[in-house]
Structure formats: C-alpha cells, structure tokens
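Participant: Each chain is listed here by its residues.
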Amino acid sequence: MAKVTFNEELCKGCELCTTVCPKKIIIMDRERINSKGYHPATIEEMDKCIGCAFCAIICPDVVIEVEK
Amino acid sequence: MAKVTFNEELCKGCELCTTVCPKKIIIMDRERINSKGYHPATIEEMDKCIGCAFCAIICPDVVIEVEK
Amino acid sequence: MAQELIISGFGGQGVMSMGQLLTYAGMLEGKNVSWLPSYGPEMRGGTAYCSVIITEEMVGSPIVNEATAVIAMNLPSMERFERTVNPGGLLIVNSSLVNKKADRTDIDVCYVPANEIADELGNTRVANMVILGAFLQKTRAVSEDSIIESLKGVLGSSKEHLIPLNREALKRGTQSVNP
Amino acid sequence: MAQELIISGFGGQGVMSMGQLLTYAGMLEGKNVSWLPSYGPEMRGGTAYCSVIITEEMVGSPIVNEATAVIAMNLPSMERFERTVNPGGLLIVNSSLVNKKADRTDIDVCYVPANEIADELGNTRVANMVILGAFLQKTRAVSEDSIIESLKGVLGSSKEHLIPLNREALKRGTQSVNP
Amino acid sequence: MAKVFEKPKALTGKPNHYCPGCTHGIVHRLVAEAIDDLGIRENTVGVAPVGCAVLAYEYFNVDMHEAAHGRAPAVATGIKRVLPDNVVFTYQGDGDLASIGTAEIVHAANRGEKLTTIFINNAIYGMTGGQMAPTSLLGQVTATSPYGRSAETEGHPIRMSEMLATIEGTAYVERVSLHDIKNILKAKKAIKKAFEVQIAGKGFAMVEILSTCPTNWGMAPAEALKWVKDNMIPYYPLGVKKEVV
Amino acid sequence: MAKVFEKPKALTGKPNHYCPGCTHGIVHRLVAEAIDDLGIRENTVGVAPVGCAVLAYEYFNVDMHEAAHGRAPAVATGIKRVLPDNVVFTYQGDGDLASIGTAEIVHAANRGEKLTTIFINNAIYGMTGGQMAPTSLLGQVTATSPYGRSAETEGHPIRMSEMLATIEGTAYVERVSLHDIKNILKAKKAIKKAFEVQIAGKGFAMVEILSTCPTNWGMAPAEALKWVKDNMIPYYPLGVKKEVV
Amino acid sequence: MAKVLMKGNEAIAEAAIQAGCRYFFGYPITPQNEIPAYMAKMLPKVGGSFIQAESEVSAINMVYGAAGAGGRVMTSSSSPGISLKQEGISYIAGAELPCLIVNIVRGGPGLGGIQPAQSDYFQAVKGGGHGDYRVVVLAPAGIQEMADLVIDAFDIADRYRNPVMIMGDGMLGQMMEPVEFAKKEVTISEKPWATIGNKEGKPRNIINSLFLDTQDMENHVLKLFEKYKEIEKNEVRVECYNCEDAEIIIAAYGTTARIAKNVIQKAGAQGIKVGLIRPITLWPFPTDVFKKWAEADHVKSFLTVEMSMGQMIEDVRLSIKDTKPVHFYGRTGGMVPLPGDLLKEIIKIRGEK
Amino acid sequence: MAKVLMKGNEAIAEAAIQAGCRYFFGYPITPQNEIPAYMAKMLPKVGGSFIQAESEVSAINMVYGAAGAGGRVMTSSSSPGISLKQEGISYIAGAELPCLIVNIVRGGPGLGGIQPAQSDYFQAVKGGGHGDYRVVVLAPAGIQEMADLVIDAFDIADRYRNPVMIMGDGMLGQMMEPVEFAKKEVTISEKPWATIGNKEGKPRNIINSLFLDTQDMENHVLKLFEKYKEIEKNEVRVECYNCEDAEIIIAAYGTTARIAKNVIQKAGAQGIKVGLIRPITLWPFPTDVFKKWAEADHVKSFLTVEMSMGQMIEDVRLSIKDTKPVHFYGRTGGMVPLPGDLLKEIIKIRGEK
Ligand SMILES: Cc1ncc(C[n+]2csc(CCOP(=O)(O)OP(=O)(O)O)c2C)c(N)n1
Ligand SMILES: Cc1ncc(C[n+]2csc(CCOP(=O)(O)OP(=O)(O)O)c2C)c(N)n1
Ligand code: SF4
Ligand code: SF4
Ligand code: SF4
Ligand code: SF4
Ligand code: SF4
Ligand code: SF4
Ligand SMILES: [Mg+2]
Ligand SMILES: [Mg+2]
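Residue numbers (my numbering), protein chains in the order written: chain A, 1 to 68; chain B, 1 to 68; chain C, 1 to 179; chain D, 1 to 179; chain E, 1 to 245; chain F, 1 to 245; chain G, 1 to 353; chain H, 1 to 353.
Fair warning: there could be bad hints in the mix.
[Unchecked claim] Each computed BS3-like pair below joins lysine-lysine, with the alpha-carbon atoms no more than 27 angstroms apart:
no. : chain 1 : residue 1 : chain 2 : residue 2
1   : H       : 199       : E       : 3
2   : G       : 324       : H       : 300
3   : H       : 348       : G       : 229
4   : E       : 229       : A       : 24
5   : D       : 152       : H       : 183
[Stated by the list, open to error] Computed Cβ-Cβ distance ranges for the label pairs, DEER-style:
no. : chain 1 : residue 1 : chain 2 : residue 2 : range
6   : B       : 9         : F       : 36        : 22 to 30 angstroms
7   : G       : 189       : C       : 86        : 51 to 59 angstroms
8   : E       : 220       : G       : 230       : 57 to 65 angstroms
9   : H       : 182       : D       : 17        : 26 to 34 angstroms
10  : E       : 146       : G       : 295       : 53 to 61 angstroms
These are calculated hints, taken from the structure and not from any lab test.
Bear in mind that the values here come from a model prediction, so they are computed numbers and not experimental data.
In this text, a Cβ means the ideal position worked out from N, Cα and C, and glycines have one as well.
Turn these sequences into a full structure, and let the hints steer you where they fit.
Facilitator: As structure tokens, then:
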C-alpha cells in the first residue's frame, strides 16, 4: 500500500503527474482552486496507488511526497 | 634565362628567400645596409637563376620581382 | 469626468486587452488617453494589471496612484488595489472568483459574477467584456459603440464573427449593475 | 648638474638597458631619477628610445623635451633628436652606423665608433657600453663603479662572467672622447 | 511506511516562480538530488544565470552567486580558483550559454576548469518572452523569428554538446531529455556523473538537458514534452558526446 | 622576358610594418593574389583586426573597415547584410578570433554568414608582445605562461577549425601552413577557394593558416618555419576540415 | 495617417522604419523587447535585414559594420546591455559613423530590476566608453515625441556622422498613447565615405579610429570637438513650461517631466508658481535656457527631479553656475516619484526660503 | 626592503602581491602588459592563481566570482578593455564586492592610440556602467605612490565592500622610478558573506544584485549611497602644493600634476605664484579642499590641466560653485602637455585679469 501527499498550495495544475501515473488515478480537482488560482491535482482512489513515485518524479514543483 | 629584381629598400633581411632558392644563389649583402638598417638580399650569379620564383613566393615583403 | 483606472487580474483573464479597448475607444472619441501595463517576471502566473487614463486634459504621468475606479478580476487584485480607489470612487469586483466583500465603505463597490455570466454566454473568455460593460454603465467613460469600434480594429476582419458575442457580453455587463 | 638625456637607436642595440643602467646608478648614488621608454608598435624594427633624468631636485615630468644630452645610436635617431639638445648640450653619435655629421654648431658633438670598438672587444653587443663610457667621460653623471654595480644587479650571479667585458667596453668608451 | 520520494535537502523548498509544467523545476530537483546523494551540499557553490532561472539562488539550498547574463562560466572559474576544493556548478539557459556566453563556456571548457555545467536547452529565450535562441529549431516561430527560423538568415540550430566535445578540456558531456520518466532518471544519472567528474578533477563537465517552455512555445506542458521527443531529439541526439575515463 | 612574379594589384604596395620574416606578409600577398585572380578587387570590403595586422587597411588595396578586437565577424556581418552582393573578408589573429572573438566567429559561422575569414594562427599574441594565445602549444613559454603552458592551469591549445567544422553554417574550413613553397601554394589555393565559397553563397568559409612570429617566439625566421613544421603541424593537422559541395 | 494607439517601443520601431532604417541588430532584454520583435516582423517586408545578434557586444559591432557600409542602422537595449556596448559606441564615435542606439533604461546597478529608471544619464551624457567623444542623447517624454525624435535622430546622425541615442525607460517603452506618423518622403543623404567597394578611379574608403601618431590622434579629436561645437550650436532641444512667472523651476526629462507637469498644475491650484525646463536633448544640454531663466528675478531656485540618485543635477548646476540653489528630488531603482510627494517637496523648498 | 627601480606597471603588480592579492584575471592590452606578465610569473610562487581570460568581459566576471568567494583579486586593462568591463563593474558595485581594477589609460575614442591620456576620467568617476553606483578612483602621480595606493586600495575595497580603481596612464605605467616596499604584515579582514559553502548552522550566502521588488531595489541603492557618504567623509586624498600664496591654482592629477609641478617652479622663478591641488582620489573628489582655497582672497582663478578635452574641470567647477574662473588647458590623444606651453597659458591667464 502506498500513500501520495500533495502539497496543494504549490500545485500549478500543469497536469504532468496525471500523464505519467500508470494507474491513471491522478485527476485535476475542478472544484477547488488554490491561492495561486490553479485547480490542484488530487487522487481519489488512493488504494490503487502502487507507490511508483512517477508522479513525484515528473512534478516540476515538488508538490508530491510518496510513502510506501 | 631569368631575371630577379630586389626592391632593396623593402628588404628586411629575413633570409627566407635564401633558404628556398633551389640554386642557392641568394645571399645577404653584408656590405650594405638599407635605410631601415637591414642587410638586403642580393644575387651575384644571376645567370644560374631558373626563374622558379620560389624566392618571391616566400618573401613576406614583396621585395622580389621575377621575369623569365 | 476624467477616468484614471486600474484593471487587474490573473494573466490570461484579458485585463490588458480590456484596458487597451477602453483606451482605444477613448482615443476614437477624441480624448487624451494612456495605457500602461505592469510588466516583468512577476506576471508569470501571477497578477497582471494596467492603468488607463481617459481625460480631456493633458495626460501627465500615466501611472494611476489614486484611481477613480478599480476593476479587480481576482482576489489578489482586490487586496492590492482596493485602497487606491479615491474616496467616492468605484470598485468593481469579479465576484465569480472573489468571494470576499470589500472593506472600504467610502466608495461605490459593485460585485459582478463575470465568469458565470460569460459561461452562460458559452465562453468564459468574455468575462472581461462583461465586467467592462458594468464599468461603462457606472461611468459612461466611453460609449459602447466606441468599444465595439475598437474591438473591430483589434480583431480584424477574420474574427469579425466574434463581435456579436462580445456585444452581448458588454450588454449583460451593463445590465448587471445599477447605473 | 642635472642630466636629462635621450638615448635612441634601433631595437636590439640595447638603448633601453643602457638607460636603465644609468638610472639605476643614479639611484644608487642617492639622486632622484626616472627612466621612460618609448613604447608601441613603432618599436617593431624601428627606432626605440628612452628618456633618463638624474637630478638632485624632484623629478617632475619624466619626459625629456629639452635634453642636456642625446645619444644617437643610428641615423634616424640623430635626425629625430639632434634638435632637442639644449644649446651648449651634448650629442654623442655612434659613428659606426651614422656616417653623417651633425648640423648643430651650438652644441658639443662627439663621434664614437661604438660598434667597431665593440667588435674589437669581440662582441658587437657591448657597443652600448662603449658609448655609455663616452657619455660618462663627458658628463660624470654617475661614476663608472655605480654603473658596474647596477650591471651586477641586472645580470645576476649567473652572468657575472660578463662583467669584465662590460667594464672594458666602458673604459674603451671613456677613452674614445676627451673629457 | 517509508518515504520513497521527498523534497531533497539541497532545495530550500521555496515555491518556484516557473510557469506551470516548466521543466526548469524538474531539473532543479534533479540537481539538488545529485548534491544530496553525493553529500556535498555544504561544500557546493552554485552560479545562477540570467534567464528564467535567475532566481535559482532562492531555490538551491547552497551558497549561490548570481552571474551576469552569459558569464556564469567566468564567475564559476573565479570562484573555483579561490576555492579549488569546493564543488562549483553553473546553471544556464541556451541564450545564456549558447549565445551571449559562447566565449565563456568554450574557454571554461578549454581551460579544463573543474566545473559542472547544467545547460537547459529549451530552444527559446523564456525569461524575456520567447525570442529565438541559437538552439531554436528550423521553422520555429518565436518573437524574433516571426516567420519561422530560416537557415538562410538565422542559420541552423547550434549543437553545443557536439561542439564542446571537440575541446580537449571537456571531460564529460552528455545530452539528456526529460520527456518521460525513463529519461528523467537518465538525466539524473548524467547530472550526478557531471558532479563526480568535477570531484575527481578530470576537467570540465556539462549536461545538456532538452527542456520545455510551455508558455513561450504556446503548448500545454504534456504537449511540450511530446514536442521535445518528436522535434528536438531528432535534431539533438541524446547520449554521451564525450567522456574521459 | 615576361613577369612571372610581381606585386598583386590588391596590395597598395605600402611597405608593411611586420617584423623581418613574419609570415603575416606572405598571407597578405596570398589574399591579394586571390582577389586579383577572381577579379573582385573593386567589389571587396576587408575587415582588419586588432592584432599585428591592425594596419591591414594600409596594405590591402580594397575598401577596408577596422574592427574592434575580436569583433571582425560581427562587423563583417553588418557590412554583408547591407551589401549582400559584395565580397567581404575578415583577417584575424588567434587572440582576435580564438579568444576575445570566440562568440563572434562561432555565431557568424552558425548563421552561415557568407564571409571569408583568414585566420592567422601564430600561437601567440604578436601585437601586444608575446602573450599566450588559446592556440599556444603545451610547454610554450610566453609572457603570460612564463613556466610554459600547462594543460592543468591553462588548458590545451584550441583547434578552432575542428570546432567550427561541427557547425552547420560552416561551408568550408581548411587548415594550411606556410613552412615551405609547396604549402604556400596550397595555402593560396585554399584562400581562393574560401572566396569562391562565399561568392557561390554556400555559407561561411575560413582558412586557418599556421603562421610564424619570429619576434615573440625568439627565433630566426627560417627557424620559425621549421618550428611550425615540427611542432605546430603535429598538433594542428593540415587539411580540409569541412567542405559543403 | 490616422492616429493609432501604440506602445512606446513599437512607436520607436515603426518610426525607424519610416525613417528608412533597414538594418537592426539587437539582443533581447526587458523592457525593450517589442522593438526587436517589431523589427523582426517588419524589416523583411521592406527589404531590410534583422539579426538577433549573439550578444550586445556583437550587436553594436554589427551596427558599426553596417553603418560603415552606408546602411541606416539601429540597435536597442536596456541598461546592462548598453554597458556592454560602450566599447563599440566609442569606436563608432571615433570612426564618425551615424547610427541610432536606443536605451530603455531600467534600475541598476548590476542586474538591478526592470522597472523605469533614469540612472544611466551619466553613462549616456558624459560618455560611458573610453576617450574623448560625445553621443547626441534625445529624451522623449511621450509616444508621439518618441516617434518624431527617432526620425530626427537618423537625420542628426547622418548630418554629423555621429551616433545618436534615444533614452527612454520602461514606462515610456511599455505605455500606449495615440501616435500619428506624418508620411513624409525620406531622403537619405549620399555617403561617399562608405566602404562599398573601391571602384577604379574613386579614392579608397577606410573606416577607422586608430591613430598611431599622437599628433594625428589629437587632431582627430580636435576635429570631433569642432563638430560637437556645431551640434551644441544647432541641435539643442528643450521645452519650457510655465516658467514665465515661476518661483521654482523644475528640471526634469522624460517620465519625470510628465509627473512634474501634473504636479505643476496641482501646485498652481494652490497658488504656488512652479515651472519646468525639460531638456529634450540631454547632450547637447540646454545650458543657455537654464542660464536665461536663472537670471530672472522671479526664479528663486531650481529643483532637479530624476529617477536616480542625482545625475543631471550636475549639468543643471554647471549651466546656471550655481547662481541659484539647485535642489534635488529623486527616486531610484524602479520607483517612480509620486506626484503628492513631489508636491510636498516643493512646498518644503518654498518654506525654506 | 631597499629601493629598487621599477616600472609603474611592475610596481602595481608587486604591490598587489605584497597586499595579499592572490588572484589576477586579465587580458593583454598595451600599455599595461607588464602587470599580467608580472602576475603570471609571481602568483604561482605564492600559491595564487593567474588566468589570462578569453576577454576583458570574462576577466571582470572572473573577478566578480573570485571576489564573491572571498579572494583578494584584481584585474587590469587599458581604455577599450575597461569599456568592456563596464557591465561587470556595475555588477560588482551592485553586489558590493571588493576588488581592484587598474586602468592604464590610453588615447581614445575607439581604438585610438596607446600613448598616455586621461580621457577616461568621466568613465571612471561618473560611472561608465549603468545605474546608480560609485567606484573609488585613485590617481597616483609617481611609482612609489602607485605602489602605496595599490596596498591602500585593497584595504579600502574590503572595508567598504566596493570596487576600487587605480587610474594611471602609459607614462606612469612604463616609466621607472625608485620604489621601496615597506614590508608590513597584511591582515585581511574576515569575509563572512563570501560564498564558500553553506556549512550547517551558518546562514546561506548569496552574492546578488537583482531586486525584483522596486522598493527593495531603491532601499539597496540608498544603502549603497549611505556607504558612499562614508567614503566621501573618510577617504578623500589630495595634495596641495604651493597654494599658500598662489594667484592661480592648477588642478591636475597623475602625469599632468607632475608636469604642473615643473611649471610651478618655473613660474615661481619668474615671480608668478602658482599652486597645485592634486586630487589623489578622483572619487571621492576633494571638493572641500577646492572650496577652501577658492575662498582665499589671493586665489584669483583656477586652471585645470588634463590630458583630455576637459573632464575633471566639471568637478572643479562644481566644487568651487563657479565662484572663481576655472580655465582649462588640455592636450589629448596621447599628446602630453609641454611645460613651456603650460607656462605660456598661465602667463596668458594672468594677463587676462
Ligand atoms: C547583458 C544582458 N543582456 C540581456 C539580458 C536580458 N535577458 C535576460 S534572460 C535572457 C535570455 C533568457 O534565455 P535563456 O538563457 O535561454 O534562459 P531561459 O529563460 O530560456 O531559461 C536575456 C536575453 C540581460 N539581463 N542582460
Ligand atoms: C578590447 C581590446 N582588448 C585588448 C586589446 C589589445 N590587443 C591588441 S592586439 C591583441 C592580440 C593580438 O594577438 P593576435 O590576435 O593573435 O594577433 P597577432 O598580433 O598575433 O597577429 C590584443 C590583446 C585591444 N586593442 N582591445
Ligand atoms: S505513486 Fe505512481 S501510482 Fe501512485 S499516484 Fe503516483 S504515479 Fe500514480
Ligand atoms: S505535476 Fe505537480 S504541479 Fe503539475 S499538476 Fe501534478 S502536482 Fe500539480
Ligand atoms: S627565381 Fe628561383 S632560382 Fe631564381 S633566385 Fe629566385 S628562387 Fe633562386
Ligand atoms: S625574403 Fe624578402 S625580405 Fe627576406 S631577405 Fe629575402 S628579399 Fe629580403
Ligand atoms: S517562460 Fe518558459 S522557461 Fe521560463 S518559466 Fe515559463 S515555461 Fe519555463
Ligand atoms: S610581433 Fe610577431 S606576428 Fe607581429 S609582426 Fe612581429 S613577427 Fe609578426
Ligand atoms: Mg532558453
Ligand atoms: Mg596571434
């Protein structure tokens, strides 16, 4: 089991993490907007995460922390 | 038969012409000194000249004219 | 009355072009005008703004330090520029993105849900025209026709088809506030 | 008497080092001194010169415009500097390379066949020491010992064996002119 | 649960000012990771360029020196001569390194300065709003090549890695890309190697990183990565261009 | 009797200021002969460098422009853009071209400017009295490498022709020498070719000429030529480095 | 042509093209990037040539080459980039070539900031490069004037064979105002000295600033300074505003002059009589105009207003020979004076007397 | 140490080494080539580092880096090369780093000549680079003073974290005079701000001159100018010679001051009382000393003598607020004033009154 944490305030909504997740579980949260004005990335089905950290590796803003 | 003319005032006495003459007929005139203070190059046995123009080709100061 | 206003918002909200349209319209009406953008790296993703002056007098400094009106398209803009409105002046807030009320009580504050209205028109990008409509309704700074005229100049003939949508957005904006 | 002299010749004739030796000697004798070379691309193959001042007073400008003495090691030097000698001053000509007489009649002119004397000593390169000897004989600007002292400093211990030759050249120079 | 990924110590953690999806951010992290991995944080001095990374001194948690545009290799040379036992790196864009700073990078390499250079080739001037870089591709439309770069008037894109590889003093030069996870990991390796080469005193080391500028390319970040893969890599082949062993 | 050798028309005939035996003089004549041969004297603009050839404008009998040190390629670019139908050449030393002017030559080549560059590599700064050039050989003693050039502190001599050959815009680059008659004749051919390449509009053309500086090398002129042959050529191999046909 | 709304930077570029400028060599730098962008777009259409040079150093040397070949040529940059051009500018002045250099000044020293500043006055006016030379420096205060001065600048450059500089700042470069381009025929004078090829029978042309003989060198500089005297006689431009009965005269150019005008109106409303002398040419400086007003009894003092720590103030003091007090009010580093603060300063100065 | 005979250029280099300078980055140019040559020879022996940079631009940026890393560092060049360094000098001043820059001035503009000149005064003193900043400028008039000032220069640079320039000319660089080096212990102050690695627990050091926030930028410049005020208060150096009863006071520095002294003696012999104020610091300028003498009744006028078309004269006029006439006598382009001509000028000025 793995856990991915997003430091939402840092997210710029670039969507790169969504493109590399092998499980395609990262989505952009269209409902919320952070103080910078971006819709942050988020995970709804965390249990599907395999902790590969691809999302973190590609994130240009060090938004993501991964635990396994 | 060939003729080599030195524009003596331009000669800087570098001796390069003497090194390339296949006939080794060019010598530095130790007796004379031009207004720049150099012993000019000269030929004593002009009849040995084959007009190859090697001397003129290597002269950095365009001192030499060759006729054939 | 001379207008000295600041229009501010996120990059991409069309605040710069809104200001230019207004300035152009003022010029078409024979007034003295200037437009001055903020520039620099802070624009990157951050807040951008421009200062617009439309006046019968000569334009001295194009910088607006004391505004007759401020248009705030997002929260950081309101926070930054609310205090620059002259007493008795106007603050127009894009209430679609700003869910806070202004602190000032000595000025006229209008809340326009510009993005929502634009969405209703089928194109979020005309939110700036909506809010511009509201501004014109309040100030009569220039006529709507002059705005449309300038817009034609800006869009060029290839994009003339966008005029009706923009005119509609302007109109919805004027209707969104009391004169 | 204060000496303000110009030493001039072809590059390679040792005019610069002659001037430096003299200056160094002046310094060793506790006088105020300066040495100033000509510099620049015209040196290339052309004529080089230096100005030397040896005086009890303070040295103002190190440039010598009006010389107490001129040493001309070649013809161009004589042509250029003959006129700068003060009336009553001294012109020393290296007659080995200059086969012309000076025009000035209001100055003391000495002709020293420096290269020939140097050749006799077996080394053309000490022509400068020969002429320096002549200069010292005429002016007593500094003592011969001071010159040898400076030379030792310049040559360093590795070339100490050259001292006798140079001393001899100096001596031959002093002998070549009347005091 | 153990952390499998967290912010490296050699980053300050200050939010960066780069545009959404700009790969400058990825490179910052990779450099910081390499510094952490090698345990050289306290011994490293970084030189920030003038370019979008002008504020790099805010992000790298090491002593930093802000250079003049293009002069980072000269600044780094000055630092390294004073501190031969420190690790010194420059971080430079393609305008900085391949245009105004051409002489500086060529001669730092030629002197074999023991420096590590991180070269961000994003085929554009990001900072100043999207002008042509010497590395812009043929046909690429930029603010100063509005009709697309033409070989006739602007010349071909310059391949700095290949050029610098001809220089004796260059000990290591590799070109990498960031367009997918595999390549990001390769890039990280290359960056680490470029520091190791410096530490081993072998000479000048550079990693050229094909990077994106979504803003000035006018593309979404993911699209920009694809553009790197489809358009840049064919012209800028990846791989080690020189390695002195 | 017919003249088999006389002063070319593209030389003014003014005596040059070069030291005895300096090969700058030979190169001047070769360039002038090429101009005469091609019949382009009235259409040529030359750019003089800052270096021993700073007075080249006195010697070449064509319109001349004196550049700032190292900037001849930029000056020539400006001229060529105004006068695309003229022939423009630069004449540059190794300090000028390979040191201070590195960025200018790289980018003139990279833009594929239709220029001809005559590059005098004499492994030294002649004009300023014998300082190290980027092209000075390892071990060479100069005013600024008094203990001999060391790879460790000064780096290896730079091979500009090889470096510029990696650039797309370079249409022709050849290295020649002047150490004997055969090579002088080859050099002449190369110079002529470099003008022809420009006239044909193919791109940037350069001839690197291994040249002597008897004065600052401290050698007799003939000895200096031998030094070129024995020491320079092994490090700077002669021949065509690039030719676009 | 009708009025159009344009950024200052664009107006400079358009005016240059209308003035017959066909060659532009530059390097990007904020806040002047609209100039190269405009030139890149338009020059190919009019048969000209645009190059983004590899650096500012190269750019100015391309200008040097193009000017020598007879081209109407310009470059533009901002403060750090202008510093890099100093050697080249000195060469161009020394070789007596015409060209236009635009400096859209930003805050300094060093990398500084990109906001409006006037802290390159000394560099422009006293000579940032080495040696004895002068550059004509024009300081527009509005977009229309910017356009007009660009056109004049090329003519001045050609007439005197001398580089001319336009000094603006980020505010003037970025702001939009209406501007009208008078379509006038451009006549560019012959340049018989240009290096275009030595046709048989013509004298050989050489562009050069090297003089190995010191007397030649001095003569050359003396000749340059004869020319500069002519320029000082003919080319001074200045605006006087409200000086007729002013107690205090503000000296300000460009952006600060605009602010000063606002403040002068406000001060007038309060009964304080303030005038403005606005140098349009920073060199040649309008010395005589300052002197004239300094002699007027009603003028009690001067106040120099600059976006710098005080640079032009020296020329103001030199012009009036310190016969009246010259005060200074400045903001720097990209800060633009606030009208209210300036007014306070005026009131303070008035109180002091 | 005993007196030795040395060229000015060599004395500069030797003095630098004695002052603990261990890093030299430069590029050859006449007439200062003896400096790099000396450094190339000596620095390796004392554990220092010499680099012949690829250009003056690189050299000044190497200086910038080395200074940031805490090294005692210098560069030297001559006029065109100094122009190329202007961007870098502005950066170093902006980032507040100490270093020594030597300019052995030659005639200009452009390539000019290599003979002595003083025509880079404006560039050095008013700021050849962009932005609001100052460089301390020292102008020695003899070889001993050159050596002494070099040692002082490094201390001043460190004390104020500011670049210092030594201005000489070809004559001072090339001439030999006796010089003595007082063997004193060098103590180089700590540089806690240097970028030497961010050891845990210490604050992170950043060398920088960028300020995106305009108020920060202005505050930074104000802080610089506070420092400059301190320098103006503490570091002015000047020599007054024969001023006590002078009718005419010559203002001259460096080479021209030497010539002036000769002439003053000659004038004295003719009963003409001439004095000399010789600024040793060109910035900070000895304003107060000029003011003091201008207030003396016996002083009727000033005469500025420069090897330029007249640059320092502006500072002389500003210093005395034009309260007395300030005449000018200059030669330029490598010409050095002749004592006889200067004397004639003095006699002429005296006749005019
Ligand atoms: C001397 C100088 N010239 C120009 C500039 C303006 N400038 C700032 S960043 C930059 C180029 C940025 O491009 P690049 O180096 O490719 O970095 P990127 O922004 O793409 O990462 C330029 C030209 C400057 N600051 N200084
Ligand atoms: C900006 C500038 N820097 C330095 C110089 C001094 N300088 C004149 S020529 C030269 C180098 C000459 O060497 P090179 O280019 O190899 O030509 P060479 O004399 O060997 O033919 C230098 C450094 C200068 N004139 N201008
Ligand atoms: S760790 Fe891997 S699986 Fe989990 S969210 Fe990130 S990319 Fe997807
Ligand atoms: S990659 Fe990072 S910044 Fe981009 S959307 Fe994902 S979490 Fe946000
Ligand atoms: S032409 Fe040939 S043979 Fe005759 S002198 Fe010259 S080199 Fe000798
Ligand atoms: S090569 Fe020319 S200069 Fe040299 S000695 Fe022969 S003729 Fe004289
Ligand atoms: S402008 Fe381009 S390079 Fe710069 S931060 Fe934005 S995306 Fe990145
Ligand atoms: S110094 Fe060297 S390169 Fe220059 S002219 Fe003399 S020999 Fe030739
Ligand atoms: Mg880039
Ligand atoms: Mg050379």
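Participant: If a hint holds in the structure, say so; if it doesn't, say that too.
Facilitator: Outcome of the hint check:
no., hint, in the structure
1, H:199 <-> E:3, "holds, 26 angstroms"
2, G:324 <-> H:300, "holds, 22 angstroms"
3, H:348 <-> G:229, "holds, 24 angstroms"
4, E:229 <-> A:24, "holds, 22 angstroms"
5, D:152 <-> H:183, "holds, 24 angstroms"
6, B:9 <-> F:36: 22 to 30 angstroms, "holds, 24 angstroms"
7, G:189 <-> C:86: 51 to 59 angstroms, "holds, 53 angstroms"
8, E:220 <-> G:230: 57 to 65 angstroms, "holds, 60 angstroms"
9, H:182 <-> D:17: 26 to 34 angstroms, "holds, 28 angstroms"
10, E:146 <-> G:295: 53 to 61 angstroms, "holds, 55 angstroms"
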